[in-house]
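There are 4 protein chains.
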Amino acid sequence: MYIFTNDYAEGAHPAILQKMLDTNFEQQTGYGEDQYSIAAKKAIRKEIGNPHASIYFIATGTLTNQLAISCLLKSHEAVISAKSGHIQVHETGAIESLGNRIIPVETTDGKIRPEDIIKICHAHTLRPHVVKPRLVYITNATEIGSIYYKEELIALAACCKENNLLLYMDGARMGNALMATDNDLTLQDMSRLTDAFYIGGTKNGALLGEALIFNDPETYPEFDYLLKQKGALQAKGRLLGIQFLELFTDNLYYELADHANKMAMKIRHAFKEKGYEFLLESTTNQVFPILPNRVSETLRTNYSFLEWAKVDRDKTAVRIVTSWATPESIVDEFIRAIPH
Amino acid sequence: MYIFTNDYAEGAHPAILQKMLDTNFEQQTGYGEDQYSIAAKKAIRKEIGNPHASIYFIATGTLTNQLAISCLLKSHEAVISAKSGHIQVHETGAIESLGNRIIPVETTDGKIRPEDIIKICHAHTLRPHVVKPRLVYITNATEIGSIYYKEELIALAACCKENNLLLYMDGARMGNALMATDNDLTLQDMSRLTDAFYIGGTKNGALLGEALIFNDPETYPEFDYLLKQKGALQAKGRLLGIQFLELFTDNLYYELADHANKMAMKIRHAFKEKGYEFLLESTTNQVFPILPNRVSETLRTNYSFLEWAKVDRDKTAVRIVTSWATPESIVDEFIRAIPH
Amino acid sequence: MYIFTNDYAEGAHPAILQKMLDTNFEQQTGYGEDQYSIAAKKAIRKEIGNPHASIYFIATGTLTNQLAISCLLKSHEAVISAKSGHIQVHETGAIESLGNRIIPVETTDGKIRPEDIIKICHAHTLRPHVVKPRLVYITNATEIGSIYYKEELIALAACCKENNLLLYMDGARMGNALMATDNDLTLQDMSRLTDAFYIGGTKNGALLGEALIFNDPETYPEFDYLLKQKGALQAKGRLLGIQFLELFTDNLYYELADHANKMAMKIRHAFKEKGYEFLLESTTNQVFPILPNRVSETLRTNYSFLEWAKVDRDKTAVRIVTSWATPESIVDEFIRAIPH
Amino acid sequence: MYIFTNDYAEGAHPAILQKMLDTNFEQQTGYGEDQYSIAAKKAIRKEIGNPHASIYFIATGTLTNQLAISCLLKSHEAVISAKSGHIQVHETGAIESLGNRIIPVETTDGKIRPEDIIKICHAHTLRPHVVKPRLVYITNATEIGSIYYKEELIALAACCKENNLLLYMDGARMGNALMATDNDLTLQDMSRLTDAFYIGGTKNGALLGEALIFNDPETYPEFDYLLKQKGALQAKGRLLGIQFLELFTDNLYYELADHANKMAMKIRHAFKEKGYEFLLESTTNQVFPILPNRVSETLRTNYSFLEWAKVDRDKTAVRIVTSWATPESIVDEFIRAIPH
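Here the protein sequences come in this chain order: Y, R, X and P.
For the first sequence, the positions run 0 to 339 when numbering that gives the first Met the number 0 is used.
For the second sequence, the positions run 0 to 339 when numbering that gives the first Met the number 0 is used.
For the third sequence, the positions run 0 to 339 when numbering that gives the first Met the number 0 is used.
For the fourth sequence, the positions run 0 to 339 when numbering that gives the first Met the number 0 is used.
In isolation and in its complexed conformation, chain Y is listed as follows:
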């Protein structure tokens, strides 16, 4: 049985494990002051073209979103998120649990547009009886595999600025977005156009870890206190530092995401060729073919994947996720198993 359910079913890329082994008995300062964390931050600052950025490594995406967003908001301020946004659907009320409301936006493709933001701002003017929109949360790649284009991100950033809103990007699948064939954004763009964003490690070959970036170090200069207070400061910070140092050495981060995307595109192409339709188009590592129920059932004898949405009585859209670790041989086998 091969798992196409998610992109975190394996451990870490071997280069990361090797580095951990090689440096295991070096004594390092704790709590993120180790030399690997320092070097990893330096590498990321170079990659994003921002020598002044504040960077923090955090174990999980939920913790990253929660801390980054809550530190940027007062209690009467709210986050705008797509209805399909991770903080809205799959983080068990993490944002609310620290005191802030999420204002969800209905979208067709997981992406927020300036007009959505303006509409929400207009609906929240009855001060002080309503929350004040203050931050826009976007994901790239989105939860359904779509990506933001440069023109869109520029427009969004401008709209945020005009409306006194902060822009935050969840990059759990940042690598997949960057390596999409139709992508025209770079990490430098993210750093220039958002207030804060994170580069996801867990879903791109790390054992754990997300790299949170405040593009302006003055945004929340005392974030280290918050990290410690909310249990996000690892005594052995070297563990996180090594993940990102390796990922940002010799373009490993990009290569891993590129592999995941290529495997997905190969699968997508195969479904298309065999005449299947798709619930959603995606150029990243998620594919959403619509399958007759019996096809889905047959494929699932050897492959596990998610039933995403019932389309009609006979058909179901499924989600197939590939990763940095998906062997091409398995993909080829799977493709052969897809009936015409």
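Worth double-checking, as some hints may not be accurate.
Same chains, same names: a pair is fine if it fits in one copy or spans any two.
What the hints assert, rightly or not - Below, simulated EDC-like cross-link-like pairs (lysine to aspartate or glutamate); rule was C-alpha separation at most 16 Å, straight line: (1) Lys-314 <-> Glu-276; (2) Lys-73 <-> Glu-25; (3) Lys-45 <-> Asp-188; (4) Lys-82 <-> Asp-108; (5) Lys-82 <-> Glu-105; (6) Lys-271 <-> Asp-257; (7) Lys-18 <-> Glu-327; (8) Lys-45 <-> Asp-215; (9) Lys-261 <-> Glu-327; (10) Lys-82 <-> Glu-142; (11) Lys-73 <-> Asp-223; (12) Lys-265 <-> Glu-114; (13) Lys-149 <-> Asp-183; (14) Lys-45 <-> Asp-249; (15) Lys-261 <-> Asp-331; (16) Lys-265 <-> Glu-332; (17) Lys-309 <-> Asp-257; (18) Lys-160 <-> Asp-215; (19) Lys-309 <-> Asp-188.
If you are wondering where the hints come from, they were derived from the structure by calculation, not from laboratory data.
Quick caveat: nothing in here was measured; it's all calculated off a predicted structure.
Using the hints, position chains R, X and P against chain Y.
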């Protein structure tokens, strides 16, 4: 200029002020242990037919909703509310600020139905990645003047029980609901069918104050601690006690609400007679006629009321609110001012 | 039985009730925008000599402390308070409940001194593993009746500035402090030397209400949102406005506190004359004589007051509190009842 | 330069890294449902003699303490902790940040005794104006290296039960406590005598991770929601599972702690032999010798350790910490460097 904007533009019913004057120099125990608070609770327990209920007087509706709901929920549990519910639209994220998510339900008439609840429960099964629905928040009368019927409340209560959900009723305009011509519920029913509810004073003749009722005293027996901690315990609790003692002496609570409703119905009838249509039908103290813009403008030279919603380029639905203090003579004058 | 237990056993000063009666049927805008609240703020701004101050009327002292302090602090920042401070001993963890730690300081007289602050700052340098002291909370008069002198407050304010700390004064008994025979501070001084403070109404003749003042309006310009969110915004804000308008008309606020203090001093003098000692010296409205247990018992047949602290097997320090409403005739009677 | 500053300067025990390597490409279910987490929980349940315990692996000690304690408390309930307790001194207000007060207890040896608890309970009876003590937090080994004896823990547990208090043990250095020469407690005792406790991995050879144990699974059956909500649920839970599976295979957990303790005892013995005194006696992996300042300075040219407390002008107590990874050869060298 007469204000039809809300039902809290005046002070208190004179009987309440008189009682305050008469008892002003009596020395009373503080923090809700005064004899007026004790007597008022006794009167309410009798009125709701529940001698064991725990009752607390709280200065504002937002504070009441916030404390009552947050004490009933763990941080991963969520409230189901109509999209038009007061906690969702006009309390500045009060519920979220203490850590819980609200799950909004689209409704046409401000009322939640069992099928809404079931749908939400089905959409929240991916434990532990999603919040757990745990409490249903309803308002009666609703924010748009509609009321729950007995059959509806019974069905809702049953659905809550089946789905392990608590039922909480916001009674900011409870009097108006109870005195509606088509109402078939009593305070005894509220006490029997909900887990907790509040009887609103502020919008029915009190200077301030809402009476929060836990129908089973074991629901949150240490609520007094929470009251004090969140600044809701008045040193001079007599102030709140006297409001409710007077309101529940000689049926004053019902009479005041009845007057407000009658004034509203008179206005509604007048609009109807003169050929106007309504955005919403309501049998309580809010009327929502659709007015040509120039009519609205004319009326607003002497009367203030809210523009509720644009209907088309030429017409606007407005909201006219009456209260316990609205003089019938003013209503008659207003009616005369409505053009045919 | 006469109650000397606290200073909130009666209702309100008759002038306040009269004003409420006189204006009861005027229609006023809700939520603090009424003309009485506006006028009361104007009167207070004049009294404190600060035309730009932001002022908010809040129902209780706990709510005032909680909202004012929490809005000034980030979650890793802490409040320094005397161990006897109200937020530390009698507010059920209100500050912590909104997320901040209190660092208590042992004092002999309820007053914090610069050396206390400096010591605490030195003990909190292991960033980010410890909280960051950020605000100093003082009460004037203190919970045990002592007051700050001008020289002390100047020194404290300077120490706060040097250490990047905010200074907040709880003025639940501000009137009593200002009218103490040895007082040399004015409300103008409070406004000049603190960042925020409140003028207590509840313990000085109001039915309810504290006037929170941010001396610099830029300190937290969106405080109105917070008020609404935490249930502190009264629909009938006129109730609070009238309290303070009357208190700050014709020096009523000062006269009421002066009366309370005089009654206390009379009692204190009587105990002294009859040879009793005191646990604490106080020039405000609290007296702490040390009584043989049988004297305490005898007095308590007709007067109720608090046993404050056991001194030895035979003696107890008690607390006698007077108020704006304490009749001089009762005080004279009480004095006669004190045995030699 | 060798670091004696803490017990988390190295990576992980090689057996753990090896297991990670060996299993790296196995596809595992995410979020703690992997086979290693399941096996590790099974091993721990056996070790603690409690087949029904609920066990959760959490990345850091602060996160563990914070989530475990906050889920057990309502907002008006407080934690009793030694003044030297980790939650009180080194977690940046983590407990308060989620809403609860800590009541600190002055101790001489870091250990809480029944009389401390009883005193605090007596000081918190003025309901509802004070917080309600509800949980006792202890650490074993304590922050200063002392350990609880069986008789003490039994007495503490009984006192808690009598006073309706929960007992929670922070076991960041549980291994060091268990392997102390004077220890008479077992993990089974901890499970029998506390409500919840954690077995620390980070300070005993794991890369990261603490094993939180609710001895009665009904204590907080929905803790998984909280884990996810507060960002504590690792997508690759296998990482945590493997740490604990290895630690509880072939007694590795005990052996590592035993080694750390033996190294510390060797150092302690050396200081004693050479005539030095100690600030604190400890039988675990921390040693607190009192050194003339020039000795401290000399030793610190090759060894790093913490200055713990000034004793007088010429002498300082220092803290030397050993770990599972401290080589005996380094210890021998260090001992030779200690002057007579």
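Here is what the structure says about each hint:
1. Lys-314 <-> Glu-276: The answer is within: 11 Å in one copy meets 16 Å, while 46 Å across copies does not.
2. Lys-73 <-> Glu-25: neither (42 Å within a copy, 37 Å between copies)
3. Lys-45 <-> Asp-188: Cα proximity of Lys-45 and Asp-188: one copy only (13 Å, versus 53 Å across).
4. Lys-82 <-> Asp-108: within (10 Å within a copy, 24 Å between copies)
5. Lys-82 <-> Glu-105: both (5 Å within a copy, 15 Å between copies)
6. Lys-271 <-> Asp-257: neither (21 Å within a copy, 62 Å between copies)
7. Lys-18 <-> Glu-327: Answer is neither; intra-copy 26 Å and inter-copy 26 Å both fail.
8. Lys-45 <-> Asp-215: within (15 Å within a copy, 42 Å between copies)
9. Lys-261 <-> Glu-327: within (9 Å within a copy, 51 Å between copies)
10. Lys-82 <-> Glu-142: within (10 Å within a copy, 25 Å between copies)
11. Lys-73 <-> Asp-223: Between copies only: 13 Å across, 18 Å inside.
12. Lys-265 <-> Glu-114: neither (35 Å within a copy, 43 Å between copies)
13. Lys-149 <-> Asp-183: within (6 Å within a copy, 60 Å between copies)
14. Lys-45 <-> Asp-249: Result: close within a single copy only, 13 Å intra versus 46 Å inter.
15. Lys-261 <-> Asp-331: within (12 Å within a copy, 56 Å between copies)
16. Lys-265 <-> Glu-332: within (12 Å within a copy, 61 Å between copies)
17. Lys-309 <-> Asp-257: neither (30 Å within a copy, 51 Å between copies)
18. Lys-160 <-> Asp-215: Within one copy only: 15 Å inside, 27 Å across.
19. Lys-309 <-> Asp-188: The answer is neither: 37 Å in one copy and 41 Å across copies each exceed 16 Å.
Hint check: violations occur at hints 2, 6, 7, 12, 17, 19; the rest are consistent with the structure.
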